[in-house]
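Engineer: Listed here are the chains, written in short residue letters.
Protein chains: 2
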Amino acid sequence: SFQAGTVPFTPARFVTRTNTCGELRSAHVGQKVTLYGWVQYQRQGLFLVLRDFQGLTQVIIPQDEAHSHLKELLSSAPLESVVRVTGTVSPRPLGQENPKMPTGDIEVKAETAEILNSCKKLPFEIKDFIKKSEALRMQYRYLDLRSPRLQSALRLRSRLVMSMRQYLCNLHGFVDVETPTLFKRTPGGAKEFLVPSREPGKFYSLPQSPQQFKQLLMVGGLDRYFQVARCYRDEGSRPDRQPEFTQIDIEMSFVDQAGIQRLVEGLLQHSWPEERGSIMTPFPSMTYEEALAEYGTDKPDTRFGMKIVDISDVLRGSGVHFVQNALSYPHGSIRAICIPQGEIMEIIRKPDGSLKSLLTKFLGEKEKSELIQALNMQEDDVVLLAAGEHKQCCALGALRLLSANLLEAAGLALRDPTAFHFLWVVDFPLFLPKAENPTELESAHHPFTAPHPSDASLLYSDPTKVRSQHYDLVLNGNEVGGGSIRIHNAEQQRFVLEKVLKEDSEVLSHLIEALELGAPPHGGIALGLDRLISLIVDAPSIRDVIAFPKSFRGRDLMGNAPDYVTPEELEPYHIQVSWPLEEKEAKKN
Amino acid sequence: SFQAGTVPFTPARFVTRTNTCGELRSAHVGQKVTLYGWVQYQRQGLFLVLRDFQGLTQVIIPQDEAHSHLKELLSSAPLESVVRVTGTVSPRPLGQENPKMPTGDIEVKAETAEILNSCKKLPFEIKDFIKKSEALRMQYRYLDLRSPRLQSALRLRSRLVMSMRQYLCNLHGFVDVETPTLFKRTPGGAKEFLVPSREPGKFYSLPQSPQQFKQLLMVGGLDRYFQVARCYRDEGSRPDRQPEFTQIDIEMSFVDQAGIQRLVEGLLQHSWPEERGSIMTPFPSMTYEEALAEYGTDKPDTRFGMKIVDISDVLRGSGVHFVQNALSYPHGSIRAICIPQGEIMEIIRKPDGSLKSLLTKFLGEKEKSELIQALNMQEDDVVLLAAGEHKQCCALGALRLLSANLLEAAGLALRDPTAFHFLWVVDFPLFLPKAENPTELESAHHPFTAPHPSDASLLYSDPTKVRSQHYDLVLNGNEVGGGSIRIHNAEQQRFVLEKVLKEDSEVLSHLIEALELGAPPHGGIALGLDRLISLIVDAPSIRDVIAFPKSFRGRDLMGNAPDYVTPEELEPYHIQVSWPLEEKEAKKN
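Quick mapping for you: the protein sequence lines, in order, are chains B and D.
FYI, in my numbering the residues of the first sequence are 1 to 589.
FYI, in my numbering the residues of the second sequence are 1001 to 1589.
There could be a bad hint or two in this list.
Below, computed lysine-lysine pairings styled on DSSO-like, alpha-carbon distance capped at 27 Å [as the list claims (entries may be wrong)]:
1. B/502 - D/1120
2. D/1202 - B/584
3. B/100 - B/32
4. D/1032 - D/1109
Keep in mind the hints are simulated off the structure, nothing from the lab.
Model the full assembly from the supplied sequences, consistent with the hints where possible.
Structural biologist: So, in structure tokens, the structure goes:
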């Protein structure tokens, strides 16, 4: 559980303890020590186990008359009470050593002790804590924080970020600059929290990222910027999202896409926790188009195969109606994934080598054999087919993941749980048709993303075909970072905003003006720290790597936030609550 | 201006430049280099000076026919344009070396170049920038950021914080934990910004410090916490305050006041910038009472004398009416400061050794001589007297600082501008009478501050007499930090909130409950980073050490925040603007 010896410091500095509870070994036998910790366990007035952040130590309670007061004190201390114990380190009696416990060779014979804070009755036993509802655990977050699980996640997070800072700051000349969080709404910033100011009708907003500021720092000649930046996003209720989150925010001048990628690979390699193995660089790279074609998603989990295969050509000659129909669309195709030892019935290869499927009667022998070859089908494998437009075929990507989950639940080892597969996804489209009105375009990422150099002229003739200099970093099928080379030319930025996106460029006039006054070419990236850490420690949720997370409804269940305020408290901000009709009525009655 | 050689890294990594503009020396002569930078100066098509974050390099423009295109390009580039220059490092011709310039022994003979971004006409010349109004400089903050002044302040800030992190994290086992900024109002949190949530009538608030969370982390067994924490305070318009600011936030378990003080002394000593000399530890310490008595303030500037002297006993025998009147108050006294070579007329020691004052005629020879001795008066010194209650005498503290400013303006060297005098002020009162109703008490700092151990029993009998375990860190007369040992006993916390402060403890019930469930004794401190850095770099305002500060009215003059939002944008938050009457009327007409 607790990892001893991972903290390279003298925990006795500035306090009166001599050692932590994870520290004592046979070499300490005979020393007089003072420990501070929580009562983890106590048995019949004979001994107790003391716990602190670093581990556990067994404390022997003296049984002689002269120490009756001490015995009384220690045997009556409720579990989770905070105590100081001073005593002498002794070897455990022969045969009673505990090899599973780092301090299992010794015990401390108590000589004096003090109950620093007695613990009242806990709302539940700590050992049952993990079984309780998450809401209850969040209400008593400070108790859950005592668990080895959260202790080690938060400590790993602190160490990893420190190591990233050393890489950026000490090795590569990055400057840690704090940017404001009270700013103003960005165009289309519907997910930005508002903060009322004392000027009537005027609001700050909490930005989703320091994007504008980091670009302005480059215009200001800072050259290399980074920040562990708190960001805000009001998405209402969404599972495993937090209204505030943290990103490792990076920007550089005079850099290209490859430069940022090598920097980030070095950053992750440098800060990667030793106990999680090592990671190889450079990371493989895949275009957006390849990712969608082979994995049906722009964040492929490359830890396993089951890639999507285009079998349009195999089936093109068949007379099957839906095949012909699908192939008649502009980007129509027939695609398939092959699931090893699947169990649902679609196309199955039987032990005699023949295919069993509703489809097979429509296929000739040549087509059957080509199908087996194209999908590299083994005995008992199952194939799932999708036919239709590009987007429909991409649905196979979700099926691929679902199938992997089902196969693993059934005991097939498909993905190595200790493997970390990083992947760059590149060459995204610069613009996408708006969902609500496909004749209009919106930025695939944000309006500051530079077009791909080879597609720059297309910007003016056919913007839908322009690829961007955006890059995503994917880890085991999760997006853990994204960035781009930015537009540094004011004309180009104005064209994108006004002509392509049809947006009012006035709200960004300060940024465009900055591009006119000596802006260097620049680019950057932001890594999602919460998600990255949760993948590294294999936590099911980002809530497990945040000290005080909000519930999925955005509530702090411990302190009860958000909360009502009085009309008087709203007055300086010139706002009032518009109660929904039903609540207004309810208040009347 | 620019300090060369302070950046210990290879700035060529990840980019195609070979060197920065501050790096080249005679040893580089003969090398082919590629520099990126801004055109700082250009002269008659003969040479230009290229600038980046690290310094300046002189670039020679070739004059031969074969390079006419290059000459045309470089001579026509407007100042502050961004260019790439590739060329060969050459020694400057004999006698043309510039010893004031770190790169002054060399020049780069340009071979190829590229204008990466041409600069449009600047709103003013960069060299006149410092003369412009601060509002204009804040509007074009990204131009001001190119100045050596801001570059070096922000880089020093980054380095110093990094060094603090290394001390806390790597040397002393502190864990960097991020705490939420979307929380709920603390009792009496009138200065907390509100953030409307999507639940009707419910608001988050942006906390003034992570106080509750850091205490809960101690209850959670984190043992040693720190955070470079963004904090928020809505004070409306106040000069040299910022609505968001940064503090080095620290908390430890099992520690006492001395432990925190030694930790902080070590922290500052470890991270102190070399170029500012060194600081001695431990820092001197002074009680709140002594500070008020001798300096008339709880944040004394100890770089100079002119201490306040109690001369009550000297004058007690005199028949002067106001003296007798002042001494009749419970804490009445007569105090004085002696201003060396002052020039205003109060009591002056004349060259013949006699005193000249409206007061002297009321004094006997013995009293006059005692006065000279008590104040150690020299020739031409001036004494300012204050008589009355304690608070009135403390006004001498402000007079002392004012006098020091006047004397320095007149050319007297009183305070060493390179000296850094740290001071602990301790033994503050735990409670103070409320300004608006002196029969009620409020916390001198905050309700979680623990009473002084020697005064613990007074808490229940005479709370006004209780000293606290609060400590302030003062630097050159500025408060740069404050902290305390906290209450860890639930009963005591409840007593303070309910019985002494008469507050509703319900809003803090989660914290009190946490104290009941195994809270260790703990304490901490917060250092005001913006103020500390501004003192270290001797900047007149904290705005000079913040990349994008707000104006003193809380506005971002570059991006124009806060700003109006539409009623539709307010709708999801169930709020509407209450327009002040005059604006409502104006809108109607």
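Engineer: Each hint needs a verdict: does it hold in this structure or not?
Structural biologist: Status of each hint after checking the structure:
Of the pairs offered as hints, the one joining residue 502 of chain B and residue 1120 of chain D holds, with about 25 Å between alpha carbons and a cut-off of 27 Å not exceeded. Taking the CA atoms of residue 1202 of chain D and residue 584 of chain B, the gap is about 15 Å. The hint holds against a cut of 27 Å. This hinted pair checks out: residue 100 of chain B and residue 32 of chain B have alpha carbons roughly 24 Å apart, not beyond 27 Å. Between residue 1032 of chain D and residue 1109 of chain D the CA atoms are separated by roughly 9 Å; this keeps the pair inside 27 Å, and the hint holds.
Violation of the numbered hints given earlier is absent; every hint is satisfied by the structure.
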